[in-house]
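Peer 1: So you can see what is in the structure, the chains are spelled out below.
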Amino acid sequence: MADPTAGAVPLLRVRDLDVTYPGPVPAVRGVSFDVAPGEILGLVGESGSGKSSVCTALTGLLPAGAHRRADAIEFEGTDLAALRERDLRRVRGRRLAFVPQQPMTSLAPTTPVVRQLRWYLGDRLTDVEVRETLTGIGLGPVLDRPRDLPGSFSGGQLQRVVIAIAALAHEPALLLADEPTTTLDATVQAQVLRLLLTLRDKLGLAMVYVSHDLAVVSTICDRVGVMYGGRLVEIAPVRELFAAPRHLYTRALLAAMPATTPADRPLRAIEGTAEGANLLPGCPFAPRCPQVLPVCRERMPEPTAHGPGTVRCHLASERVGA
Amino acid sequence: MSALLDVRGLTRRFTLPRPFGRRTAPRVVHAVEDVSFEVAAGEVLAVVGESGCGKTTVARVLAGLDTATSGTVALAGRELTGGRTPADQRLIQLVTQNPRAAFNRRRTLRHALDQPLRVHGLGAGRAERDALVAEMVERVGLSTEHLDRLPGELSGGELARLVLARALLVRPRVLVLDEPTASLDASVKATVVDLLLRLRAESDLAIVVITHEIDIARRLADRAAVMYLGRVVELGPAASVLARPRHPYPRLLLASVPVPDPERIGPASAADFGAGAIGEVPSALDPPSGCAFHPRCALATEVCAERRPAREVLDDVEVACHHPG
Ligand SMILES: Nc1ncnc2c1ncn2[C@@H]1O[C@H](COP(=O)(O)OP(=O)(O)OP(=O)(O)O)[C@@H](O)[C@H]1O
Ligand SMILES: Nc1ncnc2c1ncn2[C@@H]1O[C@H](COP(=O)(O)OP(=O)(O)O)[C@@H](O)[C@H]1O
Ligand code: SF4
Ligand code: SF4
Ligand SMILES: [Mg+2]
Ligand SMILES: [Mg+2]
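Chains as they are written, first to last, in my numbering: chain A, 126 to 447; chain B, 161 to 485.
Chain A with its partners taken away, still in its complex shape (with noise of 0.2 Å):
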């Protein structure tokens, strides 16, 4: 099978990436992953895992108190790390946007909406683009209401709006969209994935797309990291994680997945719960994993590849090895 990526330079290359709240909370730990130019890589994994801690560690965007220590974040050949922030800030917003996950923080709670568009889309769309490209995901509404503050839009509209400008108002080589649609229904969903999808068709736009919805991310997603504890534990093409998935979480997580149980049996909730998994020095999955080694709680696996994809499991690397 032919991998369109493949040996392609990447646009983003995370090694080695440390976060920390204080606390001590150790929210990331040594997460290492590329980007492809026009890839779109799917960031799934338990609530509190650290998937928008990635996110808004690669824009810089932590909260004070915070720290962040990475061997390497490139992007397009730039050191983001090395950068300041007032560096950075020319990069994120031009090369590089961000949808975070509370979209409504992002836009001014006293200025109109539509005011706003135009602020972030006027310099780069006429006003027949920005109306044309807003319809095509159901805000024509929204443009009818030329005076009206966020407040009095339902989220999903505002949701819509603050993917329109981070996706629109440069032309970002990199997309990082936390959970983007998940405040959205199906119809609206399908007209948002359209959107992303239209621009990375016609500008190569590429994407870390977080998500729960396991459904959407084998859809439209090309490689898919799966993240548990502060560790990305597995990342494989989607059609290898989906289809034989190595880490233990992986699959505990696709077993619980509502659409591969039939409706008459009960979800297959994960026994145990994520509490600490982050200051674990093993394998943060041990304490609820059903085929834990007694190496699994002393030391962190290695990442191992398995085909195409990359595994952190003693069990894993056992197979192969045995």
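It should be emphasised that the hints constitute simulated quantities derived from the structure, not laboratory data. Certain hints may be false.
[What the hints assert, rightly or not] Between beta-carbon pairs, the in silico distance windows are:
| # | chain 1 | residue 1 | chain 2 | residue 2 | range |
| --- | --- | --- | --- | --- | --- |
| 1 | A | GLU210 | B | GLU362 | 50 to 56 Å |
| 2 | B | ALA247 | A | GLN416 | 31 to 37 Å |
| 3 | B | PRO397 | A | GLY202 | 31 to 37 Å |
| 4 | B | PRO455 | A | ALA368 | 37 to 43 Å |
| 5 | A | ARG215 | B | VAL330 | 49 to 55 Å |
| 6 | B | VAL279 | A | GLU427 | 50 to 56 Å |
| 7 | A | GLY432 | B | ASN264 | 47 to 53 Å |
| 8 | B | PRO397 | A | ARG215 | 54 to 60 Å |
| 9 | A | GLU257 | B | ARG424 | 54 to 60 Å |
[Stated by the list, open to error] Which stretches of chain A does chain B cover? Using the computed rule of at least three CB atoms under 8 Å from a CB of chain B, they are:
| # | region |
| --- | --- |
| 10 | 142 to 151 |
| 11 | 167 to 173 |
| 12 | 252 to 260 |
| 13 | 303 to 317 |
| 14 | 338 to 345 |
| 15 | 375 to 381 |
Just so you know, even glycine gets a beta-carbon here, dropped at the ideal spot from N, CA and C.
Guided by the hints, dock chain B with the ligands onto chain A, whose structure is given.
Peer 2: Same frame as chain A, now just chain B with the ligands:
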């Protein structure tokens, strides 16, 4: 025997400020129009529909956080008015869509969960309240260690379960959940779904679940209502409405739900989402004439643009459509 929660002709319109210096008529958003449904004790009603179709507005009116323009909300035969007494306020609890906005950023979660108990005079003394809070926090799959943190220090999924815990603590009769599982991972989602199913079995709660996750609605709901542009277009047993709907809008909605497709070869493209005329979501400011769905409906005829279809009984469901399938 009437249902525990009885909603009749609920309408909520928002009047927008007039553009400066113009003598035009005030513009009105028709957020909710003539919505009626019942929910029995121990029953779960799912409300599904497009973003902006008025689901959250219905939820806010039910919980007494917003006042209906017209229509009534009755609980066990007694009408609850918009301005509610604290005692009435407790009876219908709303779990809001955005868990992060639900808590004060500067107070710990222990404070946030203790406060409603104090306001409603539940639990004698600090120790008993602490015990009630601890029990509830464990019931939603978290530990008391979470209680000493600030809301900003918890993930979205952790907060979503704490808002649920806070609502249940005051022992409501009706629980209204606005997108309770939207920001949760598949496993935590399963925990919340199982928790809600257990609550339904154990208690006499009437539960209204607003969700756009059809999978979740199918699992949780006994009955389902589909809203389009402020109106209920189909209402009936979940097994019918969410499997073989008769109205063209829920049919489009079900067809748009992505199904996992790991067999796909090569990168996804926009064309994969081209299925059907998805069309523009109309404006609640100026709803289309007749049936509001007619500009997007493949089955629309002349009568659809002229006359609004009434809700009619068709087998086990009620449908508002001139040409139901
Ligand atoms: N305070 C308000 N003033 C004016 N219009 C409002 C107000 N609140 C809601 N609306 C409008 O009412 C309609 C319904 O909004 P509501 O938030 O209830 O939708 P929703 O179905 O919950 O959407 P979503 O799933 O996207 O959150 C929308 O057109 C919205 O813009
Ligand atoms: N500002 C913060 N201060 C302290 N801890 C935080 C903060 N933000 C997130 N955390 C913690 O970091 C972990 C990862 O959070 P987050 O990145 O939001 O996860 P996700 O997006 O995967 O749900 C969680 O355990 C969360 O409680
Ligand atoms: S490393 Fe060990 S504990 Fe972790 S998933 Fe693999 S087998 Fe389970
Ligand atoms: S009334 Fe007419 S336009 Fe409306 S849903 Fe039925 S067929 Fe379509
Ligand atoms: Mg998150
Ligand atoms: Mg809503």
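Peer 1: For each hint, tell me whether it holds in the structure or not.
Peer 2: Evaluated hints:
1. A/GLU210 / B/GLU362: 50 to 56 Å: 53 Å Cβ-Cβ, so the 50 to 56 Å window holds.
2. B/ALA247 / A/GLN416: 31 to 37 Å: violated, 53 Å
3. B/PRO397 / A/GLY202: 31 to 37 Å: Violated - the Cβ-Cβ distance for B/PRO397 and A/GLY202, about 59 Å, lies outside 31 to 37 Å.
4. B/PRO455 / A/ALA368: 37 to 43 Å: Since B/PRO455 and A/ALA368 have Cβ atoms about 41 Å apart, the given range 37 to 43 Å holds.
5. A/ARG215 / B/VAL330: 49 to 55 Å: holds, 50 Å
6. B/VAL279 / A/GLU427: 50 to 56 Å: Distance hint for B/VAL279, A/GLU427 holds at roughly 53 Å.
7. A/GLY432 / B/ASN264: 47 to 53 Å: holds, 49 Å
8. B/PRO397 / A/ARG215: 54 to 60 Å: Cβ of B/PRO397 to Cβ of A/ARG215: about 57 Å, so the range 54 to 60 Å holds.
9. A/GLU257 / B/ARG424: 54 to 60 Å: violated, 29 Å
10. 142 to 151: Contact hint for the region 142 to 151 of chain A vs chain B: holds, 3 residues under 8 Å.
11. 167 to 173: Per the Cβ count (5), the hint holds.
12. 252 to 260: That given contact is violated, which follows from only 1 residues of the region 252 to 260 of chain A lying within Cβ reach (below 8 Å) of chain B.
13. 303 to 317: holds (count 11)
14. 338 to 345: With 7 residues in contact (Cβ-Cβ under 8 Å with chain B), the coverage given for the region 338 to 345 of chain A holds.
15. 375 to 381: holds (count 4)
The structure does not agree with the numbered hints 2, 3, 9 and 12 stated previously, though it agrees with the rest.
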